[in-house]
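Now for the letters of each chain:
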Amino acid sequence: MERLILNPPPGVTLMRKAYGEALVELGHTREDVVVLSADVQSSDFSCMFEAAFPERFINVGIAEPALVDVAVGLANGGKVPIANTFGFLFATRALEMVRTHLAFSGANVKLAAAYAGLSDSFDGPTHQTIADLAILRSLPNMTVVVPADARAVGMLLPQVAAWNGPVYFRLCRNELPDIFGEDYQPEIGKAVMLMPGQDATIIACGVMVGIALEAARRLAQEGIHARVVEIHTIKPLDTEMVVHCARETGALVTAEEHSIVGGLGGAVAECLGESYPVPLERVGVRDTFTESGPYEDLLRKYGLSSDAIVDATRRAMARKPSAAPIEVQSMCG
Amino acid sequence: MASTNDRVALPAKVYAFGMHHSAGMIADLSRRAYEYRAQVLRMVYGRKSGHIGGAFSIAEILCCLYFHQMRVDPARAELPDRDRLVFSKGHACAMLYTVLAHRGYFPVEELETFRALNSRLQGHPEPAKTPGIEAAAGPLGHGVAIGAGMALAARMEKSKRRTYVVLGDGELNSGVIWEGAMVAAKYGLDNLTVIVDYNGVQQTGTTQQIMPTEPIAAKWASFNWHVIEIHGHSVAEILTALDTAHEMHGRPVVIIARTTKGKGVSFMENSPAWHGGVPTNEQFQEALAELEEEARQWSA
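Sequence lines, in order, name chains A and B.
Using the numbering used here, read the first sequence as starting at 1 and increasing by one per residue.
Using the numbering used here, read the second sequence as starting at 334 and increasing by one per residue.
Because the hints were derived from the structure by calculation, they are not lab data.
No residue lacks a Cβ here, since even glycine has one placed at the ideal position from N, Cα and C.
Some hints here could point you the wrong way.
To be clear about the criterion: a stretch of chain A counts as covered by chain B if any three or more of its residues have a C-beta under 8 Å from a C-beta of chain B, and this derived list gives those stretches [to be verified]:
| hint | segment |
| --- | --- |
| 1 | 50–59 |
| 2 | 69–79 |
| 3 | 90–101 |
Produce the entire structure from the sequences given, and follow the hints as far as they go.
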């Protein structure tokens, strides 16, 4: 497990640059990959693919419904289209196209959702994407994948392209710590246990994985041994791992750069409720629109911090039936 | 009912792509259009559900596409180089199903299961269930952009396959139609032909009342499409227009086919009531008699 994660993270990498590089690499290995953009390729770095493979790059203009529908037509012709725009636009403006042609009729289109979560921080709440996991996850046949660092992007993108059916691949705009070591071999649909622990489990995705690891290290200094699990595939959820952790640690915390409604926390809550109810605390944006500002400040202000995870872990542990009664209030709601 | 079924026993004759449009071919396809209308009438009457008006307006166009123009093979329905048809006005699928069945994609008898539980013939087209269906439709407006994607894929593969899109005129209300039109024009997709079934009537009134379509030809022309205007129930004009579209270089082609909603049944023609109306027994008998008479006239 040691070389799964790098401790401390040796540096940071711009995730969108890692995505652009991974896209070019994919273009070299797969001739059937076609990349589409709604004129944001200079933002999400799919322009790197455009430069390398101009004949396989299509810019439909600022027209997200057409972006998805043109990709549907390309998929019908045996191509593997990767459509690129901001995550919120897939989840809202182009949602009907995504529902009807990707989820319902199974078009083999991949959606690369740029600038997700709060990562388009200065552009503000119109551009921030905090409901996409809930929306996309509710569609039958949809697969939802959230990489947590540059290495994960490079390892998961080829799997997204090879996956049979539509995938929503959620990407961060900014620099993120390099979390994963050389033993990290993610596989779509399988959770990854990053740090052992018996007192509670912290399940995180995306940018919150690094923050969850930091929270677990802080808790360890207090003698609380929290397990950290990365769930990069929100759907299909690795329910076996969730139940396994509930059984072994008796208290769970989820952490995501998303609303607490319907995302990773919602998925884990559904699983626990049906299979193995234990105390669960959800760390995420608490059902509110956010605001403009520096990314790290925004994350902190809206409760996406190691402080929030540490507190949530204590709350979840205090709610275990075996726990001594202490004055901790649940943050449910 | 049985007698008409016998008369249209499958598979119906296909006039190979490229062959001369003889008077006999034109009469045969015209006659079949009326027979297929009668079939659609029975399907909707039998299920007490479906869309007759827009199915009747598209009969000749689908006959020309599937029995002459499109290079498809029901026995090899997944062949990569088959021509594609996106049936964007999905609600009118009873006619598409009827034509596909007679083209040999599935048994004609199966048409009776239209919109029934466990049927492959869903209320709106579903590609995973029904042989010959290339794209889901029902929510309107998708056809042009999906067709543009199909045409782009063909070009990337240097395939000669062509993509056809059948649109309703009411769909032109939808913004994504024009997004798709701009994409097709940008890439000069001359392997894409869009046919607008311009029957002038949508669910709650005429297109003129609901959302004026005119000047329809100028709209498409201003989007850099080559525009052909025809009488959409004239098999001869449809066949010629499809040939012209096939010869076009550098631009996508739109065929504005002026049609009549509810074509062939006097009391259904041009009436929004027959967008989704279901006939009574009396109306069913009357409509069937009119359609059979029309078919007889083409049989002479």
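Verification of the hints:
| no. | hint | result |
| --- | --- | --- |
| 1 | 50–59 | holds (count 3) |
| 2 | 69–79 | holds (count 11) |
| 3 | 90–101 | holds (count 4) |
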